[in-house]
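Since the structure of chain Y is already known, use the hints to place chains A and D on it.
So the sequences go chain by chain: Y, A and D.
Per this note's numbering, the first sequence runs over residues 1 to 534.
Per this note's numbering, the second sequence runs over residues 535 to 754.
Per this note's numbering, the third sequence runs over residues 755 to 1184.
Since the hints were derived computationally from the structure, they do not count as laboratory data.
Some clues are possibly wrong.
Simulated pairs of lysine to aspartate or glutamate, EDC-like, Cα-Cα distance not exceeding 16 Å [stated by the list, open to error]:
id, chain 1, residue 1, chain 2, residue 2
1, A, Lys605, D, Glu900
2, A, Lys613, D, Glu900
3, D, Lys1119, Y, Glu131
4, A, Lys605, D, Asp920
5, D, Lys1090, A, Asp704
6, Y, Lys251, Y, Asp265
7, A, Lys662, Y, Glu175
8, Y, Lys63, D, Asp1154
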Amino acid sequence: MADNPTTITLTIDGQEVTVAKGTTILRAAKQAGKDVPHYCYHDGLSSPAMCRLCLVEVEGAPKPMPACVTQATDGQVVHTESEQALDFRRGVLEFYLVNHPLDCPICDQSGECKLQDYVHEEGRKHGRSREPKRIFGRDDFGGDVLFYGDRCVMCTRCVRFMTEVERDARLTVVERGNRSVIDTFFEEGLEGTHWHGNIVDICPVGALVSKDFLYKARAWDLEHTDSICPSCSQGCNISLHVRDNLVQRLKPRDNLEVNGFWMCDHGRLNYEWLNRGDRLEAPLVRSESGVRAMGWREALAAFLEAAAGAAGNAVRAVASPRASNEDLGAFRALVESLGGGDIVYRMSRAADEVVLKGFPSLARRRDLAPNGRGAELLGMLRVGSDEGTGGLEDVADHDGIVLVLGDALDDQAPDFGSSAALFVHLATHASAASANAHFVLPITSFAEQEGSFTNLNGRVQRFWPGIRAPGAARPAWFVIGVTLAERTGSTAPRSAAESFASLGSSFPPFAGMSYDDLGTGGALVNQPVSLSGD
Amino acid sequence: MSDAPFRNPGWAGNTGGFELSEDQVRGDDFVGARSVEGDHPSTAATYPYMLADKHPEAPLFEGDFQARFEKILTRYPTKQAALLPTLGLAQEVRGHVGPESMDRVAELLGLSSAYVRGVATFYTMYNKAPVGRYLVQVCTNISCNLCGADDVLEAFLRYTDSEMGELSEDGNFTVIEAECLAACGFPTCVQINSRYYENVTPADVPKIIERLAAAGPGEG
Amino acid sequence: MAYPYVSDREVRVISRHFGDPAARRLDTYVERGGYQALRKAFELGPDAVIDEVKASGLRGRGGAGFPTGVKWSFMPKQPTRPHYLLCNADESEPGTFKDRELIRWDPHQLLEGVLISAFAIRAGHAYIYCRGEFFETTQVLARALEDAYAGGYAGRDILGSGFDIDVTIHVGAGAYICGEETGLMNSLEGQRGQPRVKPPFPAAVGAFGMPSTVNNVETLATVPHIVTHGGAWYRGYGTEKSPGTKLFCVSGHVNRPGNYELPLGFPMMDLIEDVCGGIRDGHALKAVIPGGSSVPLLNAEECSRCTLDYEGVVAAGSMLGCASVIVMDETTDIVKQVRRMVQFYAHESCGQCTPCREGTAWMTKVLRRIEDGRGTEEDLDTLLDMSHQMTGTTICVLSDSAAAPVVSSIHKFKDEYLALIRRGERVGVA
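Just chain Y, with the same shape it has in the complex:
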């Protein structure tokens, strides 16, 4: 490696690591699988090297060095676990606890708190301070943020996020020394900023907590599932945090190609709809004798019969930009199978983008659905207003076959589809219009199924099921796949992966792509496509 000028090799705790020149010791250690404890350092922010927790022993250096800003050099020998390194960390951790309230039992961060973790792993058994503690108390920072000053470790990640990333310096360190405390400009608070939820994420302790999540769940009771934010076309990588089959909160996942480490407040707080009750739990079939819930086998048989009976009628179809690529692809195939026709979709459109100035490739996009791009690439046409309403006049009174996937039709008149020869509504919830449907087929939301969305840049990203589907609700790709297999004698896809892989045969942008290619970070659709602007 020595003759390669772009890399250097150093030894960390006896293990040789080769890293790119300019890498810090902390990053190099991470590459070697070692997490050097730290608070102020964050991958997405500048490094002030002030928490002093990442001090490591570097052979030949006169003092312990902060791993976060010290560049690794060739031949360097670093100890992160030596007696000296442990000694300094023990000391720094004790300093943190001098004024910390130790209120873990009532602290939201408990269980995912870096102070708790580090002290438990490496701290002194007993603190030696006998002095009265400094008290700052609690402060409402506005927006979704509460500040518990006494728990703060003064890492200033929040201040740097607001200053460097959101570029709206609403937070600052007030006073100095031991009297330093994070604050806003008096009563100004964070109101009106659009990304402040991130400061709760990056706070390593329980100083900044979310009002929305306050006292809702303990960290250790939450199941985390990788997912994609459904609130706009950016496709931020997120985790669903679930307890008792209810989504409790959304958190961003790192993906430098899409959202860095961040997500917007709009997306973060827009999840309650996933927990909505009154779901469709069984297929509903309407006949002269009324509407009857039935099992899938019976319902699909009835549907195939009805479809055969309606053959020859023109098809008009409505899809949803909230449906996955797999669902939309299957829907497209269903429409083709019934004689073909245009598929339209409706999507809300905000007046402006909300760009994250310090990470400008990230914005809350104007299109307020996750898969408008997928629908477009699958040949569907956008209709309706910027509110996501209207545009279905041709469908509403169509007397042929009406197929609707995902769109709840909430804005439509009660007689929507009442003239149709065959009206099939694949939906999660019933609406007034679905009363006219001959078949209401219960499908799952994205949070209940595996699948993928295509974001506005043509990046296809996977998500996984985080909550159990209610009753007999099933993914649309599965329902349609089984139906088509019956109808055409083909084989139904057995998984979302198979369903996705089959998209490529009909739709060139997806040709040759597979879940294996997507990994967790996603991949761009495989050929240059002209992506319509926003």
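Relative to the frame of chain Y, chains A and D by itself:
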């Protein structure tokens, strides 16, 4: 030689109304002269240079102060660098730097209000709340302390009949403990508004207080 | 001469005008040979000036004692961006009171030094960062600067040399830490005066992101004399490793406190007994802090064999720092004074680094408790361990400074701590 216009010399403070006279500064009649006996001639005989009690409602800035503000801006390569002098100017006008002043200075310099608050609170010389006409800062750090600064501080509190950091009842005095004022050879050093009073002993305190309390508005 | 006190053992180079207000006037200063060094510097050129200062062995007078010429030589020789000279006049180390005197008695001497030094490091702009509390001092300096501009000694095309050097006085606002060179730069830029992580060093990335050098007032005031008389002349005073003269700020329990300019290597006891007229009221010496509150205390025995040069003070068990000699006699309550110093550091800690932010405040509380008679012997171990955790672990050395008097006093004056602890135990407070 560059063609860039040269900035003005000096500092932007030198057009204000509170400064020393030409004679005092340039001449032999030096206000800060000390006698060998250590008894500062100014201890009880002079007024401090500027009153802390000003015009809390005055605009930032107008007239001479606006000119000085503009002069400050010319001295630095960035606007942000003008922050400390501008806050100082605001305090000179209003006597303290409250939220409204911070907000206004932020606006003048294109900074966020929170940022300005963070900077203003870092420095002890910006009064975050109104103080008395005379802000009495008694150094109690080691050199003065060895020579009895605690007694001087106590004397100031006693003769102004005030609590540390609290405004005296007549609104004239705020007495606080100060860190080293860099006059350690002349203990105890007391700064009253802008003036240093050196070699102050508890016995000097009543004279000083009496004189300052009696001073009219113009005599500050 | 009446400048509070003078001694015939002094070698008055930079302090020669102390007590003589006439020197503050430009005409008098020029009459006495002022600004000749600046002319000479222009003739020599920047590199020769740096070489002369290197040859003099002048060491930074702000406390660290780093060789000034060497520091200057870190600046790029071919400027591609603006260079800045920053004069550190934020004097605030407890025990130190020389820079204020240098400025107010001899402002042109400082300005001449600033101009020569800026020329040497190829800076087109010098900032003099004056401590905010120094109102009248700043007024004196500002008037002198105005006169210097008017007289053609500063500004554009200085003395017809073709060189432009702009000088601005910047006034601080009350923060000890702005005397740390990178804290000073942040403060100058309108930020909280928190020290910066080094590297990068100021000569590469300094004020406003440009190559910068920070020098203390006393250092810069010395420069004109070195340029005039040569480095070899300067080496005629002091010791081999600590050449030249130095202002000693003597405070505390001596009969004649004040500033005394002495050759480095001067015996400490001569300073106390002879120059300063001995301890007040005939008391015995207990302890001396030889370099400002940031350095370890020396006990009387250590003082007796201490010479006042950088190496001599280290050999005696402390550091010369900025040569601020704080003298304490036998009546001194050491624990109280140590607590007062640590309280100062807690007040002045910028709050960035955890060991300093939390450690200085915690230490103050523990010391206060001991002082009140509620301490235990374990507290002393805790204090020593805390000091260890605060030394060498932070961005700047403020926390090291807070730890120094604690460690040295516990080691050298443990009896005083124990007496307070025992007394507390006796009356049953603990």
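Here's how the hints hold up against the structure:
1. Lys605(A) with Glu900(D): Given that 16 Å is the threshold and the Cα spacing comes to 15 Å, the pair holds.
2. Lys613(A) with Glu900(D): With Cα atoms ~24 Å apart, Lys613(A) and Glu900(D) exceed 16 Å; violated.
3. Lys1119(D) with Glu131(Y): Measuring from Cα to Cα gives roughly 7 Å; hence the hint holds.
4. Lys605(A) with Asp920(D): holds, 15 Å
5. Lys1090(D) with Asp704(A): violated, 34 Å
6. Lys251(Y) with Asp265(Y): Holds - the C-alpha atoms of Asp265(Y) and Lys251(Y) are around 10 Å apart, at most 16 Å.
7. Lys662(A) with Glu175(Y): Cα-Cα ~11 Å, so holds.
8. Lys63(Y) with Asp1154(D): Given that 16 Å is the threshold and the Cα spacing comes to 12 Å, the pair holds.
Checked against the numbered hints listed earlier, the structure breaks hints 2 and 5; every other hint is satisfied.
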